[in-house]
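Position one of the sequence shown corresponds to residue 1 (the working numbering), numbered consecutively onward.
Treat the hints as calculated values from the structure; they're not laboratory data. Misleading hints may appear alongside valid ones.
[Said to hold, decoys possible] So the derived label-pair ranges between C-beta atoms look like this:
id: 1; residue 1: Tyr60; residue 2: Asp29; range: 22 to 30 Å
id: 2; residue 1: Gly55; residue 2: Lys108; range: 38 to 46 Å
id: 3; residue 1: Gly40; residue 2: Ala105; range: 20 to 28 Å
id: 4; residue 1: Asp64; residue 2: Val112; range: 41 to 49 Å
id: 5; residue 1: Ile110; residue 2: Tyr86; range: 20 to 28 Å
id: 6; residue 1: Glu66; residue 2: Ala106; range: 21 to 29 Å
id: 7; residue 1: Val112; residue 2: Glu65; range: 40 to 48 Å
All of these numbers come straight from a predicted model, not from anything done at the bench. Glycine residues also receive a C-beta, built at the ideal position from the N, C-alpha and C atoms.
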Amino acid sequence: MRFGFAPYSCKWDSGKPMCSCDNASFDVDGFGRVFYPNLGQFRVEMVDTENNWLGTFGRYGNQDEEARGGDVPMAWPTYLAVSDRYVYVTDTISMRVVRVKLGYAAEKTIAVR
Numbered sequence: 001m002r003f004g005f006a007p008y009s010c011k012w013d014s015g016k017p018m019c020s021c022d023n024a025s026f027d028v029d030g031f032g033r034v035f036y037p038n039l040g041q042f043r044v045e046m047v048d049t050e051n052n053w054l055g056t057f058g059r060y061g062n063q064d065e066e067a068r069g070g071d072v073p074m075a076w077p078t079y080l081a082v083s084d085r086y087v088y089v090t091d092t093i094s095m096r097v098v099r100v101k102l103g104y105a106a107e108k109t110i111a112v113r
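Could you build the full structure based on these sequences and the hints that come with them?
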């Protein structure tokens, strides 16, 4: 269970509480790392197989803004998919799919015999 990964409750023009019932999806990469959108904080978060925090990317924004480093502007990240090189995130309010290239703090190449 993670904060921000759930349907979102809100109030509409009438002021009555309603559930917008937007669901979210997560994905797991080849190393078992879990990537999931945090709708409440407008970002994508990552944990390992033991639920240890690995990092995050994204901030509140829309399609008219430029990304600043790892802070990709997103208005409502809901669904995502992970490949070996990229994370694809749907930004529902901005009506787009954001492709973010994965980078690693350390990499090691070994010879296969």
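Hint by hint, where does the structure go against what was stated? Just the numbers, ascending.
2
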